[in-house]
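Peer 1: Here are the chains, one letter per residue:
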Amino acid sequence: MNQRPDDLHWQAAQYVLGELSPVDAADFEDRLAVDQQAREAVASAVELTAAVAAVADETRPIARRPRRAWEFSRSLGYMCLGAAACLFVMIVVQSVWQHRFANSDAGQLPLAANEQSADADLALAWREVRAEAIEGAEPEMVLASNDVDAGESRSNAGAYLSDDELDVPSWMIEATGPRATP
Amino acid sequence: MSATKTANEPAVTQGGGIDPANVAAFCVEHGAELRRFVVGVLRDREAANDVLQTVFARAIEQCQTVDTASLKGWLFTVALHEALAQRRRLEVMQKAHLKLWWQPARHGETPEESLTRVETVAEVRKALAALPTEQAGVVRARIYDDKTFAQIARETGLPLGTVLTRMRLALEKLRGRLSGNE
Chain C
1 MNQRPDDLHW
11 QAAQYVLGEL
21 SPVDAADFED
31 RLAVDQQARE
41 AVASAVELTA
51 AVAAVADETR
61 PIARRPRRAW
71 EFSRSLGYMC
81 LGAAACLFVM
91 IVVQSVWQHR
101 FANSDAGQLP
111 LAANEQSADA
121 DLALAWREVR
131 AEAIEGAEPE
141 MVLASNDVDA
151 GESRSNAGAY
161 LSDDELDVPS
171 WMIEATGPRA
181 TP
Chain A
1 MSATKTANEP
11 AVTQGGGIDP
21 ANVAAFCVEH
31 GAELRRFVVG
41 VLRDREAAND
51 VLQTVFARAI
61 EQCQTVDTAS
71 LKGWLFTVAL
81 HEALAQRRRL
91 EVMQKAHLKL
101 WWQPARHGET
111 PEESLTRVET
121 VAEVRKALAA
131 LPTEQAGVVR
141 ARIYDDKTFA
151 QIARETGLPL
161 GTVLTRMRLA
171 LEKLRGRLSG
181 NE
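Those protein sequence lines, which keep their order, are chains C and A.
Just so you know, we're using this note's numbering here: the first sequence kicks off at 1 and counts up by one.
Just so you know, we're using this note's numbering here: the second sequence kicks off at 1 and counts up by one.
Please keep in mind that the hints were generated in silico from the structure rather than gathered at the bench.
It cannot be assumed that every hint is accurate.
Stated by the list, open to error - Stretch-level coverage of chain A by chain C, calculated; a stretch enters the list once three of its residues show a Cβ under 8 Å from a Cβ in chain C:
#, segment
1, 33-47
2, 65-77
3, 115-125
4, 170-179
Claimed, not checked - Residues from chain A that keep clear of chain C, each with C-beta distances beyond 12 Å, as calculated:
#, residue
5, C27
6, F56
7, L158
To be verified - Just the calculated beta-carbon pair ranges, DEER-fashion:
#, chain 1, residue 1, chain 2, residue 2, range
8, A, T133, C, R4, 22 to 30 Å
9, A, L84, C, L76, 24 to 32 Å
10, A, E134, C, L76, 35 to 43 Å
In this text, a Cβ means the ideal position worked out from N, Cα and C, and glycines have one as well.
With the hints as extra help, turn the sequences into a complete structure.
Peer 2: See below:
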């Protein structure tokens, strides 16, 4: 191919700058496969372009390197991963909290004011029955310490009562308690 | 196999191939130019590093089958094929190709990674200052601002051919300045 050297260098410069059309770029690459002069022209064009860019880099303020599309996607991916991790931690913490809360002694939990179900009414009634049973418990079942709060002594006394005893209706406890003894 | 060595050529084995022990030195001698060539094809410095490693490894493996006189051409041929294969892989991975491969690396590149020599940058700096204003403007817009020739033509209101001519003349002056001092 009879081409002026300048033409070859110009074509190589356009190639490295990505300014050749796809057809021309493919033709030039075919030439690169067999023409060492063309290859060296490409290397020379790269050096010249990089040198011009280096001169520019010396003089202008440090600017943020334009982000590549795949870098932006990677950053977005990391952000989504972080958000998912935070959400997962929140769900785990909430589950653990609810589990601990649900497994607590039901007697210690205050009933929700807005519960309207029949089960809630029954539970409220049972609490009253139990309170009555505790009040009717034997004196020796109450803690001896005079510093114990009255309410606490009732609850502690209740702890000594078995589940069977607490299941007894109040009228029966009254009938069989110390007050019923003649 | 005995090895004979001339002044600037790698040691040649008696069978016609190249002594593997001297291939590394040969690669170092042509490594910078080879790197620029691969970057020119790939337009991606990181991908070019991967290609060069492959090329040098193959050079050591297959140098004994290569004739000394054609080693440089053989290296460039292998580099071209590997670069084109790598570009196809990158396209398959939908990785965006940089248009700004000529920008200096922000992390502080080593001398081996640099695409240009210090003395080249110095000469280009002087040459750029001596360019006619209209030519320097096109060079800055294309390389500093990464605008295509079509964009420059639209923004300046100049015909595309005028923009291309100014860029070509500018590059010829810059290259002539470098050639005159080599």
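Peer 1: Confirm or reject the coverage of the segment 65-77 of chain A by chain C under the rule of 3 or more residues with a beta carbon closer than 8 Å to the chain's beta carbons.
Peer 2: holds (count 4)
Peer 1: Would the least Cβ to Cβ distance between A:C27 and chain C come out above 12 Å?
Peer 2: Holds, because the least Cβ-Cβ distance between A:C27 and chain C comes to about 15 Å, which exceeds 12 Å.
Peer 1: Take the segment 33-47 of chain A, compare each residue's beta carbon with every beta carbon of chain C, and decide whether three or more fall closer than 8 Å.
Peer 2: Holds: 8 residues of the segment 33-47 of chain A have a Cβ under 8 Å from chain C.
Peer 1: Please test the hint of 22 to 30 Å on the beta carbon pair from A:T133 and C:R4.
Peer 2: holds (27 Å)
Peer 1: May I ask you to test the hint 35 to 43 Å on the CB atoms belonging to A:E134 and C:L76?
Peer 2: holds (42 Å)
Peer 1: With 12 Å as the threshold, tell me whether A:F56 passes as away from chain C on beta-carbon distances.
Peer 2: With a cut-off of 12 Å, A:F56 remains clear of chain C, as the shortest Cβ separation is near 16 Å.
Peer 1: Mind verifying the non-interface call on A:L158? Its CB should be farther than 12 Å from each CB in chain C.
Peer 2: holds (16 Å)
Peer 1: Verify this for me: three or more residues of the segment 170-179 of chain A with a beta carbon less than 8 Å from a beta carbon of chain C.
Peer 2: holds (count 5)
Peer 1: Three residues minimum, CB to CB under 8 Å: does the segment 115-125 of chain A make the cut for coverage by chain C? Let me know.
Peer 2: Contact hint for the segment 115-125 of chain A vs chain C: holds, 8 residues under 8 Å.
Peer 1: Assuming the hint says 24 to 32 Å, is it satisfied by the Cβ distance from A:L84 to C:L76 or not?
Peer 2: holds (31 Å)
When held up to the earlier numbered hints, the structure conflicts with none and fits them all.
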